[in-house]
Structures are given as C-alpha cells and as structure tokens.
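Turn these sequences into a full structure, and let the hints steer you where they fit.
Chains C and Y, in that order, give the protein sequences.
FYI, in the working numbering the residues of the first sequence are 1 to 341.
FYI, in the working numbering the residues of the second sequence are 1 to 213.
Because the hints were derived from the structure by calculation, they are not lab data.
Computed from a prediction, not measured in an experiment: that's the story for all the values here.
Mixed in with the good hints, there may be bad ones.
[Claimed, not checked] Quick list of simulated restraints, FRET-style, between CB atoms:
# : chain 1 : residue 1 : chain 2 : residue 2 : range
1 : C       : Leu69     : Y       : Pro69     : 37 to 45 Å
2 : Y       : Arg204    : C       : Thr22     : 27 to 35 Å
3 : Y       : Val27     : C       : Ser155    : 49 to 57 Å
4 : Y       : Leu205    : C       : Leu305    : 46 to 54 Å
5 : C       : Thr251    : Y       : Leu193    : 41 to 49 Å
6 : Y       : Arg201    : C       : Phe65     : 47 to 55 Å
Ideal placement from N, C-alpha and C gives every residue a C-beta, glycine not left out.
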Amino acid sequence: MSLPKKTLEIRTSPHLKSPIQTDTIMRNVVYALLPVAAFAVYLFGLAALLVLLVSTLAAVLTEHFLCILNHRESTIRDWSAVITGLLLGLTLPPALPLWMVACGGIIAIALGKFMFGGLGYNSFNPALVGRAVLQASFPVAITTWYPAMTPDRFSSLPASSLTMPFMKPVWDTVTTATPLGQMKFEHIAAETGNLFFGMSGGSVGETSALIILICGAYLAARNMLNWRIPVTIFAVVAGLTAIFHGISPETYPTPQFMLFSGGLMLGAVFMATDMVASPLTTPGVIVYSAVIGVMIVVIRFWGGLPEGVMYAILFGNAVSPLIERSIQPRVYGTTSRRAKA
Amino acid sequence: MNTDPAHLSTNEFIKGLWRENPIFVQVLGMCPALAVTNSVINAIAMGLATTFVLIMSSMLVSSLRSFIPKQVRIASYILIIATFVTVAEYFIQAISIELHKNLGAFIALIVVNCLILGRAEAFASKNTIWPAFLDAAGMGLGFTFALICLGGVRELIGNGTLLGYMIFSENYQPWIVMILPGGGFFSLGAWLLLFNWMKSRKERLNLAAENSH
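As structure tokens, then:
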C-alpha cells in the first residue's frame, strides 16, 4: 500500500529561487578581474604575472587542503578562493618576494575565511586580511615599489622576487615612490591623466582607474555588485577632499587626485563590495560606504601611512554588523518602534 | 580515587601545570599573557614574578583564613597581593633596570591578575598552608610554562632569536607582526588550538579504548 499522494506541499521560505548561483556570480567577478590583471601584467611584466599566479595558487590550494582537513567537500569549485587570491595579488607590490605572496594567500584563506567557518561566514574581506598581516609583518618589503613600464619587464625579474623562502630580500636599485607617497611626504602631485590610465608606480592592480571602472560597471550592470557602495565611497571621498582642498590647496590634494590614486578604485569596486562582509539593506550599505570613505580621507590626510584604503575597508567590515543591527527594516506587519513608544 | 595524602598533594601540584593550566585551559591572566610575551626573557621574568606573588600571597591568605572576616575578604586579599607585588617590583628593578622597563606597568598590574585572586578565593582560603603552597606553585609554574610557550613562538618568528641567540641565519626575514600585539593573539590562538586538539584526541582515544573492551 502506498501513501496517498500529497496535494499540499509545505516548505519554509525563501520560495523564490534565483537561477543565479554563487559560483555564477563568483565566476563573473573573476572575468571582471581578468582585464585588470592583464593590464597589470602589461605594466609590470613577468613580476606581476608571477605575483598573481602565486597568490591565486596559494589561496586555492589552501582552500582545498583545509576542506580536506575538515572532512568537507572541497569548495574550490565556487571560484571564491580564486577571487581572494587574485584580489590579494592585485593589492601587492609587483617586486614583493614570491614566498611572501604565497604566505599572504595562505593567511588570507586560513585566517580570513576558514577561521570564521568558510565562505558566507567571513566577517572581513579575506584578501585584505592577508594583506594586512603581510603589511604588519613586512612593512619594508610591502612599501618598496617597482617602476612601471621598464623596458626589460618581460625578459627579466626583479632580484627580490625569487628570494629564498623566509629570507630577507635583496632590492634592486631601481625602486620608485607611489603618487600617494610623493604627495604625503614630498608634496608632489601626479598628473591626473597618468593616474586615470594607470601609468604610475604602485601595487600590481591599483593603477588603472579606467579599467577598474569599466569592469565594475559590467558587474553592476549584471546586478552582481552593489553599485551603491563604490558610488557612495567616491562621493564621500571627493566631497570631503573638495572641502579641504578648497580651504587649503597647498596642504591637501585635489579630489580627482584622491579618487584615481592608490588602491581606492580597486578597493571601492572589488573589495568593499564583498557580499558577506557588507550590510544587506540599502540604508545600511550607504552608512557602511560613508564610514569607509571618511576613514580613507582621515588616514590619508592625517594618518602615518600614505594609503589607508585597506584599513578603512577592514574597519567598515568590522562595523558592518553594528550598522546592520541599528538600521533594521521594519518587519512586515509590525508597527515601528517609534509608533509603539 | 586515590586518597593517599602524598598522592593528593602531588595532584594539587600537577594540576596547575597541565590539566588546569591557567592560560591554556582556564584562560585566566590574559593581560600579561598577551602584553609582555614578545620575548622569552620577558615571559620568564613575568612568569617568575607572578609565581612568587602567587605562592607568597596564597600561603599568607591560607594562614590568615580563619582571621579574615568574610565581608572584607576581597579587600584583604588585594592588600596582601599588592604587598608582594611591590616586593617583586623593587626586586626586578634592583636586578635589571632594562627588564623593569620592558615589563613596564605590567609588573604593577600583577595585583589585578585574576589568577592570583582566583586561587586565593577558590583554594587558599579553604585549605591549609601546605596544599595552598603546592597549588600556588603548580599554578605559577604552569603560568610561567605557558608564557614561555607564547614568548618562544613570538620571539622565534618575530625576531629569529631565542633568549637573544640567533636561531636562523643572518638573513632571516622577521615577521614583525608576531612581536606586535596582534602576534600575541595569533600565537595564543594557535596554542589553544593545539591544546584543544590534544584534549579531543585523548577523549576520542579513551572512547575507542572503552568500546574495544
């Protein structure tokens, strides 16, 4: 005797299913990052290519290994580790010793992601956790910049890249200052045009604002990236800088310099928009991005470091649960707290 | 359970070293454990100073336990502990100004180390002098052992040295984060992970042994 066929199925919400899965979104983010990576390789040559490859490999292998260690199904197929690795590589200076890059990838996944329980539970952007640990560990190596567009960039590597693991790197004599460093310590502003198209020293992928903007626009158009986050960050940074530049043009840079220099573009478009570590509601997202924007300006103007995007985003990630709690939408069918009181 | 007095007193001493280790198992006294363990020598100095204060105050609390009124016991314990902390502070200052500078305010802060007040309240005030001494010595040495574990990892990775001697080659690139406050949290987390892993492994093995009988 078989059971009578059920005519009523009871299921819990959510009832609407989206055809877009996590790995679809993640794969598209990887596609969007590829032009940025390609341009970085064009600018810095073999060194940048190796940094990107090593960081991605380290991140993916760590993810695979930790999944096996935890007796879980390997999650490398969801592409999120690839993104973490690529993003980490893009934030590092091109001549960084490759063993440091590999350590960064391992730390990003192990400490930034698996310590919290894997994808969907990380309260901080894993790539930035990796970079923050590297920055605190090797403050000299991570602020030694290599010039872009050197003539032999596809045939030779900077001496520091292939340093033996755990040994001090030997630096080439040709190192350069980033536009932000020059602004902070020597008060020389770079030309905005150069910054916009990316022909300046800096981290592997923080150089061309134009390419990052185009790739970000592609993701936003496909609804895979919350466009409010980068737009609010840009607005807050530009607005605050305009005020200070208006008061004292000698001390503070122009808004366009602030927008197109350093890691602001990459950070605002690809890192602050981390789906797990940013708030869910629109007002929450606005507050979160405004906090990041203010922190960027504060650190760049009055902090000890020339660049503050990384710490600003990590700070934003840290306060994001608090923002989420204080800006909760009214549950449908209930009265607002104010009406009750 | 073995009720032989000699066995009991060994037990009082041993438990603080491993099974009830103040740092790795009870997670007490985190402030000095994170703040001054950036080198082995600091860890040893802080551990021994705390052990001294712990032993002396536990014995005094134990001998005065019927004399101190219940209502003012915490204040009395603090007074006793503070006395010995002052002794320890002057002693460290006398043997090495540099060490005193490295440990800084954390010597004075031994007064508020919850491990010491905790042992006074939980153990010394309820036991005679000899068990109180054993308990304090075990806990103090367990604390020192834990600080050396933390300090060892941090100094080795963060500076490439142990007790000031070069361990790796001259060209070793130090991980500066490990001697910064962040490194204290990383190494404490790693040690706690190791301890919990060993504990769960032991339990699993015990369970397997029981099942096989």
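**Asked** Okay, which hints does this one fail, numbers in order?
**Response** 1 and 6
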